[in-house]
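Chains as they are written, first to last, in this note's numbering: chain A, 239 to 473; chain B, 239 to 473.
Honestly, the hints are just simulated from the structure, not real lab data. Among the clues, some could well be false.
A pair holds if it fits inside one copy or across any two, identical chains being indistinguishable in the list.
Restricting the straight-line Cα-Cα distance to at most 27 Å, the calculated cross-link-like pairs of lysine-lysine (DSS-like) are [stated by the list, open to error]:
1) K299 / K408
2) K271 / K299
3) K458 / K385
4) K271 / K240
5) K298 / K315
6) K408 / K385
7) K439 / K299
8) K298 / K271
9) K298 / K417
10) K315 / K302
11) K458 / K408
12) K406 / K417
13) K417 / K385
14) K417 / K315
15) K240 / K385
The chain contents come next:
2 protein chains.
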Amino acid sequence: MKNCVIASTSTLYGQESLTYLLDTISELYMDCKQVLFIPYARPGGISHDEYTQRMQRIFKKIGKKVIGSHTFESPEKALQQTEGIYTGGGNTFLLVDQLYRTHTMQVLAEAINQGKPYLGTSAGSNICGLTMQTTNDMPIVYPPSFKTLGILPFNINPHYLDPNPNSKHKGETRATRIKEFHTLNPQPVVGLREGSWLRLKNNSIILEGELTARVFTKHKEPYEISPNSSLSDLN
Amino acid sequence: MKNCVIASTSTLYGQESLTYLLDTISELYMDCKQVLFIPYARPGGISHDEYTQRMQRIFKKIGKKVIGSHTFESPEKALQQTEGIYTGGGNTFLLVDQLYRTHTMQVLAEAINQGKPYLGTSAGSNICGLTMQTTNDMPIVYPPSFKTLGILPFNINPHYLDPNPNSKHKGETRATRIKEFHTLNPQPVVGLREGSWLRLKNNSIILEGELTARVFTKHKEPYEISPNSSLSDLN
Numbered sequence: 239m240k241n242c243v244i245a246s247t248s249t250l251y252g253q254e255s256l257t258y259l260l261d262t263i264s265e266l267y268m269d270c271k272q273v274l275f276i277p278y279a280r281p282g283g284i285s286h287d288e289y290t291q292r293m294q295r296i297f298k299k300i301g302k303k304v305i306g307s308h309t310f311e312s313p314e315k316a317l318q319q320t321e322g323i324y325t326g327g328g329n330t331f332l333l334v335d336q337l338y339r340t341h342t343m344q345v346l347a348e349a350i351n352q353g354k355p356y357l358g359t360s361a362g363s364n365i366c367g368l369t370m371q372t373t374n375d376m377p378i379v380y381p382p383s384f385k386t387l388g389i390l391p392f393n394i395n396p397h398y399l400d401p402n403p404n405s406k407h408k409g410e411t412r413a414t415r416i417k418e419f420h421t422l423n424p425q426p427v428v429g430l431r432e433g434s435w436l437r438l439k440n441n442s443i444i445l446e447g448e449l450t451a452r453v454f455t456k457h458k459e460p461y462e463i464s465p466n467s468s469l470s471d472l473n
Numbered sequence: 239m240k241n242c243v244i245a246s247t248s249t250l251y252g253q254e255s256l257t258y259l260l261d262t263i264s265e266l267y268m269d270c271k272q273v274l275f276i277p278y279a280r281p282g283g284i285s286h287d288e289y290t291q292r293m294q295r296i297f298k299k300i301g302k303k304v305i306g307s308h309t310f311e312s313p314e315k316a317l318q319q320t321e322g323i324y325t326g327g328g329n330t331f332l333l334v335d336q337l338y339r340t341h342t343m344q345v346l347a348e349a350i351n352q353g354k355p356y357l358g359t360s361a362g363s364n365i366c367g368l369t370m371q372t373t374n375d376m377p378i379v380y381p382p383s384f385k386t387l388g389i390l391p392f393n394i395n396p397h398y399l400d401p402n403p404n405s406k407h408k409g410e411t412r413a414t415r416i417k418e419f420h421t422l423n424p425q426p427v428v429g430l431r432e433g434s435w436l437r438l439k440n441n442s443i444i445l446e447g448e449l450t451a452r453v454f455t456k457h458k459e460p461y462e463i464s465p466n467s468s469l470s471d472l473n
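So here's chain A without its partners, still in its complex pose (with noise of 0.2 Å):
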C-alpha cells in the first residue's frame, strides 16, 4: 500500500510553488481534509512557521487544510494520525537530521507504507530513495546516517540538470558525479527534471509529467525513460 507522489521541484520557473502540480496532488489528498508539512529542509534557512504559512496559503487552493509537523509535541504521534503528509523541499541533510533527532524518519516510513498519501518535493522527494547520497545540496549539518525512508528500491537525483555543452565551467556535472556515486553504491539513482514526479500505487511506480528521466545503474550507460514509464522493476 503506497499512495505517493514524489516530484523533482516544488516550483517552475515564473510559477507560484505547486501551480503545476495542483490537480495531482488534489487526486492524491482527494480523502484528506488535512495534510500534515514537514518543514524541517527551511529552504534558505526560513523559519519551520513561514515555511509552513507559506504552504497553507497555497493548500487553500485545493481547500486542504495545513499543520507543521514542529507544532506538535510529539511529531511522532502527528505523523501517526495525520491523514496525508507533506515533505517540502530546501536542504536534504538538515531533513535528514532532523527526522532523525525527532525520531520520525521510520514513523514517516511506516506511514507512507500504510497508504497514507505522501508528496515530497526536492528534499522531500530524496529521502524517498535507499538513501540521500544522491542530494545535490551542501552538508550544512552532519545527520547520524544517510540512510532515509527507503520507499523507492532506488535513490532519485532532484532537479536533474543536463550537462551544459557549451559550459566553460569545470565543476563535475550532475553524471560526473552519480558515476563517482555508483564506484561506491550499488543502487540505480532516476535523475527527474523539473516538471517530472513519479506516481507510486501500491507496487506501480510510473514517470509523470512531460519530461523524459535519465536512469543510471551501476554497469551500464545511462538512458532515458518517456512519460508514462514503468520504473517498477528497477532495482
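Once you have looked at the hints, place chain B on chain A.
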C-alpha cells in the same frame, strides 16, 4: 609556518591540468625534489594509480617526481618524511573519509603547520577550511566527521559560480546554499572562482589570480575582494 597554494580548481577550460599554476607551484616546491600526492578524491572514480600517473606526467614539466600516498604501507610516515604535498580534486566526501580511515587527517595538518609546501586543488582545497561543509560534491560515502584540516580560519567554496540571471532552473544557487550554511554555522566562506587561489605564507593569506573572490559572512551581505587582497584577518 605555512606555505600553501589553495586553488579553486586544478584545471581551466581548454587547458591541461595545472597549466595555469605551473609558475606558482614551481616556486612553491622550489626546495622539493619529490612531492607526495594524495589521490583519495578520485575524480570520476578513476583509480589511485591512474590519478597518480596523470600527475607524474604533469609534474615532470617542472622537474619534480611524484609518489602516491596510497603506495606506502604507512601513509602517516610518508607524510612525516615527505618534502612537499599535493592533494588533488575529486569527491570531497571520499577524500575526507579516506584521510580519517588512514589516520592521516591530523598528520597532514601537522605537516602543513610545520611549513611543508602544500598544494590543494578543489577537494584538496576544501579540506584546508575548518570543515568540508561548503563542498559542492555529492555525499557518496559517509565520513566519520565533516571536520577538516583547519589550515584556514574559514571555509572554502571552490569552483564558485555566480547565479546565472538567465537560468530557468529552480535548484538552489550557490549563494543560497551558503546562506543555508550560515543559518547553522558561524565561520566565513570564501567563494573562490576557477582561476583564483589563496597563497598562504606563515600567517599571511593573499588572494591570487586575476579574478575577484566572494566572501560570505554570517551577518553581513556577501562582498567581493580584489586580487592581491589579504584575507589574513577573516575569521
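The hints, checked one at a time:
Proximity of K299 to K408 under the C-alpha cut-off of 27 Å is restricted to the inter-copy arrangement: shortest distance 22 Å between copies versus 43 Å within a copy. In this homomeric assembly, K271 and K299 come within 27 Å of each other (Cα to Cα) only inside a single copy, at 13 Å, whereas the closest approach across copies is 70 Å. With identical chains, the CA atoms of K458 and K385 are at most 27 Å apart within one copy only, with a shortest distance of 24 Å there and 35 Å across copies. In this assembly of identical chains, the alpha carbons of K271 and K240 lie at most 27 Å apart only when taken from the same copy (19 Å versus 63 Å across copies).
In this assembly of identical chains, the alpha carbons of K298 and K315 lie at most 27 Å apart only when taken from the same copy (24 Å versus 64 Å across copies). In this assembly of identical chains, K408 and K385 lie within 27 Å of each other by CA distance solely across copies; the values are 25 Å between and 30 Å within a copy. Taking the shortest alpha-carbon separations for K439 and K299, only the intra-copy value of 24 Å comes in at or below 27 Å, while the best inter-copy value is 60 Å. Taking the closest pair of Cα atoms, K298 and K271 come within 27 Å of each other only inside a single copy of the chain (11 Å); across copies the shortest separation is 70 Å, beyond that limit.
In this assembly of identical chains, K298 and K417 lie within 27 Å of each other by CA distance neither inside one copy nor across copies; the values are 42 Å within and 30 Å between. Taking the shortest alpha-carbon separations for K315 and K302, only the intra-copy value of 20 Å comes in at or below 27 Å, while the best inter-copy value is 64 Å. Taking the closest pair of Cα atoms, K458 and K408 come within 27 Å of each other only inside a single copy of the chain (25 Å); across copies the shortest separation is 29 Å, beyond that limit. Taking CA atoms no more than 27 Å apart as the test, K406 paired with K417 passes in both settings, with 20 Å inside one copy and 25 Å between copies.
For a Cα distance limit of 27 Å, the shortest separation of K417 from K385 qualifies both inside one copy, at 19 Å, and across copies, at 25 Å. In this assembly of identical chains, the alpha carbons of K417 and K315 never lie at most 27 Å apart, being 40 Å within a copy and 33 Å across copies at closest. Proximity of K240 and K385 under a CA criterion of 27 Å is satisfied intra-copy only: 20 Å inside one chain copy versus 39 Å between copies.
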